[in-house]
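Given chain A, put chain B in place with the hints provided.
There are 2 protein chains.
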Amino acid sequence: MPYQLYYWPGLQGRGEFIRLALEAAGAAYTDVARGNTTAGQGMPALLHCLQDAAAVRPSFACPVLVDGKRVIGQTSAILMYLGPRLKLVGTSEVDSIWTHQIQLTIADAVSEVHGTHHPVGTSLYYEDQKLEAATAAKAFRTQRIPKFLDWLETVLERNPKGDEHLVGARLSYADLSLFQLVEGLQYAFPKATRRATKKTPRVMALRDRVAQHQRVAAYLQSERRIPFNETGIFRHYPELDA
Amino acid sequence: MPYQLYYWPGLQGRGEFIRLALEAAGAAYTDVARGNTTAGQGMPALLHCLQDAAAVRPSFACPVLVDGKRVIGQTSAILMYLGPRLKLVGTSEVDSIWTHQIQLTIADAVSEVHGTHHPVGTSLYYEDQKLEAATAAKAFRTQRIPKFLDWLETVLERNPKGDEHLVGARLSYADLSLFQLVEGLQYAFPKATRRATKKTPRVMALRDRVAQHQRVAAYLQSERRIPFNETGIFRHYPELDA
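Keeping their order, the protein sequence lines are chains A and B. Here our numbering is used: the first residue of the first sequence is 1, the next is one more, and so on. Here our numbering is used: the first residue of the second sequence is 243, the next is one more, and so on.
Same shape as in the complex, but just chain A:
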């Protein structure tokens, strides 16, 4: 039975980290909210998933992954669940935890990206907090982008199995998440990211390697890959870049 992914249609958002893992592994899945309402999919199905009063273990938000009877929320928890099943994580406990630690750090970076355009309220429009966003984005650009990317560069540099992957010598979900973080930063903050990535050649080489991964490359060319846009987490507001 295919996995079912529940996430807002029309944006990559946090759901994209799950899509990339499923796509890279060639796993069968349904992106439920993008399906047809007449097939029991679409937004009604998503809302039912989030509001189901019969759910014994309700998720706080999407993405939510359904695997048969199992229902799992929180991006990083979903990746921890999928990792061994999709062979996107090492089998030892230390490798599993280290991969997860990297994922959680990337997730922190993603949350900070969201904070650049919504610093004072997720329920307010960007247009209502543009001044605050300018201040937040400057701090993020000048301090946080280099700090996160430099850390990922160091992780690659110190990997005893070589600098081609974040953990060990094969592709993990952390590598895929690095790809998505770099793609998103390049979209949202092209100037600042260009400056920062000059110092992180290993990060950029891994980003390229993931983009050329056969199944990932096919996915990125497909209609399944939603383009970046200004309803997602990574938003390109030129006034926030420099």
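Among the hints, a few may not be true.
Unchecked claim - Computed cross-link-like contacts, EDC-like style, restricted to lysine to aspartate or glutamate with a CA-CA straight-line distance of at most 20 Å: (1) B/Lys380 - A/Asp95; (2) A/Lys87 - B/Glu335; (3) B/Lys380 - B/Asp370; (4) B/Lys311 - A/Asp128; (5) B/Lys329 - A/Glu93; (6) A/Lys138 - B/Asp392; (7) B/Lys433 - A/Glu93.
Bear in mind the hints are in silico, worked out from the structure with no lab data behind them. Because the structure is a prediction, the values reported are computed rather than measured.
Below, chain B without anything else, positioned relative to chain A:
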């Protein structure tokens, strides 16, 4: 050999979620940065841990837990590692993932708390972003505190094993993190939290149950429990509460 916890001295911060787990389990540990410099502890040891150029798997930030040769960063990853060892998580995969999902959601709430007093820059002082903080805190008070607490209440209400614990019928690290979240909200936003918790009796009962847990109660009375203060994540700025 005792666990070694590396975290900033003088504040609870994210390290407190680790301390509570270790204390509730009665595990032996050293709070390294609070130790004596002459014993190789204190701030120099913490900075060495964070900056060690020989670290093969460097952490992005603290808390960091050292268990013999293993070095683990990221609060939620540390709790995932400690959970089975401290018997603070169920043994089945579904219970383990569900406990982790709850922990990650509480961690999201904690990050949002930090955002109320530092909405536009972690490197700026609160005093330099008081206006932005007032807007951010209002949104957090009125929308997010009820949303997070109501969700935790629902999780308790729907637990098939009863509403005394978040997962199953025994104490887990998620219960301890709920306690810390409620304590912190009550300290930082006493008025708003009083309103919100009127609707979450199960959350408050669990908070009380954790506070009365023999080892936790002893810890809370000890000098090892650092009082809440305005250098931590939960800060009481009266102007941000209402």
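Starting from B/Lys433, check that the Cα of A/Glu93 is at most 20 Å away, please. Given that 20 Å is the threshold and the Cα spacing comes to 44 Å, the pair is violated.
What's the verdict on B/Lys380 and B/Asp370, does the C-alpha distance respect the 20 Å limit or exceed it? Given pair B/Lys380, B/Asp370 holds - Cα atoms ~18 Å apart, limit 20 Å.
Does the alpha-carbon distance linking B/Lys380 and A/Asp95 stay inside the 20 Å limit? violated, 41 Å
Starting from B/Lys311, check that the Cα of A/Asp128 is at most 20 Å away, please. violated, 50 Å
Between B/Lys329 and A/Glu93, does the CA-CA distance stay at or below 20 Å? Cα-Cα ~17 Å, so holds.
Straight-line Cα separation of A/Lys138 and B/Asp392 no greater than 20 Å? Distance ~35 Å between A/Lys138 and B/Asp392 Cα, so the pair is violated.
Next pair to validate is A/Lys87 with B/Glu335; report whether the Cα-Cα distance is within 20 Å. holds, 17 Å
In this structure, the hints that do not hold are numbers 1, 4, 6, 7, in rising order.
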